[in-house]
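Participant: Please put together the full structure from these sequences, using the hints given.
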Amino acid sequence: MSVLTTETPAAARDWTAVCPGALLAAERGAAVLLPGGEQAAVFRSAAGELFAVSNIDPFTGAAVMARGIMGDRAGEPTVASPLLKHVFSLRTGLPLDGEGPGLATYPVRERDGRVEVGAADGPAGGAL
Amino acid sequence: MARLIVIGNGMAGHRLVDTLTRADTDRAWQVTVIGEEPRPAYDRVALSSYFDGASEDDLLLGDLSGRADQRLAERVTAIDRERRTVTTDTGTTLAYDALVLATGSTPFIPPVPGADLPGCHPYRTIEDLEAITASAEGATTGAVIGGGLLGLEAANALRLLGLDTHVVELAPHLMPAQVDQGAGALLARMVADLGVTAHTGTATSAVTAGPHGRASGLDLGETTLPADVVVFSAGIRPRDDLARRAGLDLGPRGGAAVDDACRTSDPHIYAVGECASHNGTVYGLVAPANAMADTAADRLLGGTAAFTGADTSTKLKLMGVDVASFGDAHGRGEQGALDVVVNDAASRRYAKLVVSDDATRLLGGVLVGDASAYGTLRALVGRELPGDPLELISPASSGAGAGPAALPDDAQICSCNAVTKGDIAAAIHDGACDVPDLKKATCAGTSCGSCVPMLKTLLADAGVEQSKALCEHFAHSRADLMEIVRATGITTFSDLIARHGTGRGCDVCKPAVASILASLGNGHILAGEQAGLQDTNDHFLANMQRNGTYSVVPRIPGGEITPERLIVIGEVAREFGLYTKITGAQRIDLLGARVEQLPAVWARLVDAGFESGHAYGKALRTVKSCVGSTWCRYGVQDSVTMAIDLELRYRGLRSPHKLKGAVSGCARECAEARGKDFGVIATDKGWNLYVGGNGGFTPRHAELLASDLDSATLVRYLDRFLMYYIRTADRLQRTAAWIESLDGGLERLREVVVDDALGIAADLEADMAAHIDGYADEWRGVLEDPDKLARFVSFANAPDTPDPTISFDTVRDQPVPSAPVPLGMPEPATAATAVEA
Chain A
1 MSVLTTETPA
11 AARDWTAVCP
21 GALLAAERGA
31 AVLLPGGEQA
41 AVFRSAAGEL
51 FAVSNIDPFT
61 GAAVMARGIM
71 GDRAGEPTVA
81 SPLLKHVFSL
91 RTGLPLDGEG
101 PGLATYPVRE
111 RDGRVEVGAA
121 DGPAGGAL
Chain B
1 MARLIVIGNG
11 MAGHRLVDTL
21 TRADTDRAWQ
31 VTVIGEEPRP
41 AYDRVALSSY
51 FDGASEDDLL
61 LGDLSGRADQ
71 RLAERVTAID
81 RERRTVTTDT
91 GTTLAYDALV
101 LATGSTPFIP
111 PVPGADLPGC
121 HPYRTIEDLE
131 AITASAEGAT
141 TGAVIGGGLL
151 GLEAANALRL
161 LGLDTHVVEL
171 APHLMPAQVD
181 QGAGALLARM
191 VADLGVTAHT
201 GTATSAVTAG
211 PHGRASGLDL
221 GETTLPADVV
231 VFSAGIRPRD
241 DLARRAGLDL
251 GPRGGAAVDD
261 ACRTSDPHIY
271 AVGECASHNG
281 TVYGLVAPAN
291 AMADTAADRL
301 LGGTAAFTGA
311 DTSTKLKLMG
321 VDVASFGDAH
331 GRGEQGALDV
341 VVNDAASRRY
351 AKLVVSDDAT
361 RLLGGVLVGD
371 ASAYGTLRAL
381 VGRELPGDPL
391 ELISPASSGA
401 GAGPAALPDD
411 AQICSCNAVT
421 KGDIAAAIHD
431 GACDVPDLKK
441 ATCAGTSCGS
451 CVPMLKTLLA
461 DAGVEQSKAL
471 CEHFAHSRAD
481 LMEIVRATGI
491 TTFSDLIARH
501 GTGRGCDVCK
511 PAVASILASL
521 GNGHILAGEQ
531 AGLQDTNDHF
541 LANMQRNGTY
551 SVVPRIPGGE
561 ITPERLIVIG
571 EVAREFGLYT
581 KITGAQRIDL
591 LGARVEQLPA
601 VWARLVDAGF
611 ESGHAYGKAL
621 RTVKSCVGST
631 WCRYGVQDSV
641 TMAIDLELRY
651 RGLRSPHKLK
661 GAVSGCAREC
671 AEARGKDFGV
681 IATDKGWNLY
691 VGGNGGFTPR
701 HAELLASDLD
711 SATLVRYLDR
721 FLMYYIRTAD
731 RLQRTAAWIE
741 SLDGGLERLR
751 EVVVDDALGI
761 AADLEADMAA
771 HIDGYADEWR
781 GVLEDPDKLA
791 RFVSFANAPD
801 TPDPTISFDT
811 VRDQPVPSAP
821 VPLGMPEPAT
831 AATAVEA
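If you read the sequences in order, they're chains A and B. Those letters in the first sequence? Residues 1 to 128, per UniProt numbering, in order. Those letters in the second sequence? Residues 1 to 837, per UniProt numbering, in order.
FYI, nobody ran anything at the bench for these hints, they're computed from the structure. Heads up, some of the hints might be wrong.
If the Cβ cut is set under 8 Å, some of the chain A residues that face chain B in the computed set are [as the list claims (entries may be wrong)]: (1) G21; (2) A22; (3) A62; (4) G75; (5) A80; (6) T92.
The model shown is predicted, which means the values in this text are computed figures rather than measured ones. Idealized CB from N, CA, C, for every residue including glycine.
Facilitator: Here is the structure:
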C-alpha cells in the first residue's frame, strides 16, 4: 500500500501545461492542479533544471510542498517541507532524514514557453 | 500506608517531602506537612530578590499538591511520643508512624533596649519583608545589625527601598563566618561603592526612639546613627522548643541532636535543617539542610544514606560582588597551615588559599571580587596542588594554572549535582559534543550554572571541535556571516554563497541569511531573490498552520486597541470565516486563511490602519503592558505609553530568534516582563531593565541589567542590547542562551551595553536608528506591488481555486481544521472547500 497511488496509467503519458515558464522563478516552487484533482509542486533550479513532486507533505497530509525552501544536499537538489521541515530529494522524492514516506515524482518539461507536467512516476522509490 | 508527619514547611521540609515522594514509588508513606506560614514553601535564600522585582510566586518552591497533604497556617503545639501523635493550634490531633522536625530557626534579636520598637524587624519571612517595606515608606535611613551573609542581603534590600543604609557588625570585619579580615575589608570598600556604610567592630547598645515612638536611630556607644528602619540579622537560633518539651536530646548549642541518619534520640523522630544539631553543629545554610533532608528521606524508605557533616563552601553574589569561601577558609583545622594571598585593592580583587604547612595540599580559601576560579579550587580542596599555589590565584594565570585539566577524575565539577570530572569525561567519550549535550547526559551545569565555563574547557581539552558551521553550505556561524555581510556590503544570498559558501543553500542557511540581510536593512523581505530565501511564514507574511492555511495577526502595539479597530477585526474574521483567538501576547489571532485569501484579508486590515504584527517572523513580536499609572492605583509609571513607544520603535526588527518585550507599571509586574527577552519594570525613580527572559521549553526569568533609568537612557540601552544581540547571536539562539554564551555572561553584557567597553555603542545605536528610519509595513508593501501579490495564489494554473484538501469542522461555533488524512490513505478527490461535520 502506498500513499499516493493513483489510477492514472503511467504508460499513456499525457502532458498538462501548468504555467508559463516565466512564472516559475528559479529556486521558488509553484503549486499546480492536475487533472483529477492531484496537486504537484514544480521547481526550477538555478541551473534551469525542472522538478515536479507531489504537493502533499506525506508527514502531515497538508498540500504545502510548493511553499518549501529549495536547496541542495551534497549536490542533490532538495525541498524542505515548511511544516515539520522534512527534507526530500527533488530527483527521487525520497526523504533524506532517515526512514519515512517520500513524495511521488512527476515528469516535467518546458515546451514553447510553457511548463508541462506528466502523469506521476509513482510513489518515491517504494519507500513505504 | 504508614503515616509521615513533617513539622515545618520551609526549605528543608519541602526538600524532604519532595525527595521522599519522588522516590517513594510504592507509596509506602502518606505524607502530611504542617507549616505555620500562610503560603506553600518558598525559597528563603532568594528572599532579597523580592525587593528586586520578584513576586511571591517567583519565590515559591515546587508544588507538592497531590503528593502530600499540606496544612498551612497551622502550628504544632505538642508532640506525644508515647501515643505518637501531634496536636496543633487548631485543636487537631494527628497520629504518625514517623515524624520529621523541620522547624528551622528564629532570628536572634540581641537583647538591646528598644529592639521591640515599631520600625525594628527580623529578616526571615515574606511577612518580614512586607513589614520592612511598609516601615520604609517615608523613611530615609536604615540600619542592619549584623554584617554576615544575610545581613548584607538585608542591607541590599534597604538600599533597593531607597534608604541611606548602614551595616553594624560586632566582629572586626564583614561576613566573619565565611571570610577573613583582608577579604572583609575589601568587601566593605565594595559595598561602600554601592552606598552602604559598614561599621565593623561596633556594638549596638540601644535602638533609640523618635518623637512618634518609632525607631529613629542606633546608639553605638561613642556615636549614634540615624535609622528609621532597623533590621536584625545577628544570627539564628534553632527552633527546638517542641523537641525540648518532648524530651528529645538537644545539641550543646541547641537544636535536636541527630545521628548520621538524621534521627533524633527517638527512633521514630527525625530532624533536618536548622533545627537539628549534628555533632554539635547547627548548619545555617541551604546545602547542608538539603543533604540532611535527602538523608532522612532515604532512611524513611529503608536506605542507608548517612549525613556526615557538610561542606559549607559558598559562592554568592552580594550586591553584584562575587564572594566565595571554600574548604577550611580560616586555616583552623590543621597545624601550621599557610596562607597565600593576592590582595589587589586597586582592581578590587582578593584571593586567599589556605595550604598545608609544606604548601603541597589545598585546604581552603576565600575569593572576593572575582570568584571565577571557585569551581576548580573547590574541587581541589584536600588534594595535592597542581603547582605553585600563587599561580592558581594570580590573575595572569587564571584559566591556565586553575584549569580543570589539573583536576583528578573524582574531583567534582558540578557540586550542585555531584558530577565529577570523570563523569564529564565519560559523557564526552560517549559522544557529547557540546554543553547542552553534557547537561543532558550528566545534569552538570543545570542548577547554578557556575561550572559551565569548566564544561566548555573540558570539551576543548578533550579535543571536541565546537563546530560553528551553520550547515553544509557555510563553514561560518551566523555571527561570522553577519560580520562578512557588514564588511563586504553583499546584498544577495547568491553573491554570499558564491563567495563564502558552497552549493545552493538549504532551509537552514537561506532563512538565516535572509534574516541577516533584513536586519541590515535591505528593503522588503519579498523583494527579488530574497523572497525565495524566506521560510514559508516569512514568504507569505503569515504563520502556516497544520493544514496549510495561515494565521493572521495584526499588530496591536502594547495591547491597546480602540473599539473601532476591534470591530474591524471581528468583521474581517466573520467575513472570511476565520477562527478567532486572543493570544498570550495581548493581540488577536485569526486562523484558517488560505494563501489566496491573505491579500484580501490584509487589504481590509491595512485600510483600517493595521500593520503586520510579524507573528510569522524571527523578529520583534510584541511589547506587552499592564495599564500602568494611567489607571492602576499601584502604578508608578505610564507603562502603556512606554510599551507602545518601544513596540513601534522596534517593529519589523529581524533578529536571530523571535523577540518579545513587556513593560510593567510597578513592581507587581502584571505584564510578566521578566518572562520576556527584554522586560521593563517601573520604579518610583524610573525604569528597571531586565534582559534574557523567555517562556517556552526552558522558561527563564530575565535578569536585571540596569536600574532606575530615565526613559531616554532606557531606550538607548535597549537599542544597544538588541543590536548587539542581532550582530553576535547564533541562528535561533534566544537572548537567554546568547547572554549565557557571552564570555562573562550578564556582567560582560552590562560592560558592553552600559559601560560601552567595546566602544561600539554609538555604532549600535546608529544601526538601530537606520532600522527605525527604514521601517515600512510589509503587508502594505505587498498590497502595493503586483509582482509580490502574484505569489499569493493557490495554484499557478488555477489561482482562485481553493486547495481541495483543506476542510474544516465546527467546534464551539468556530471553524477548525478537519482531522488530518491518515497516512496511507488516498487523498480526497472531492473539490469541496469546506466539509461541515
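Participant: Against which earlier hints does the structure fall short, listed by number upward?
Facilitator: 1, 2 and 6
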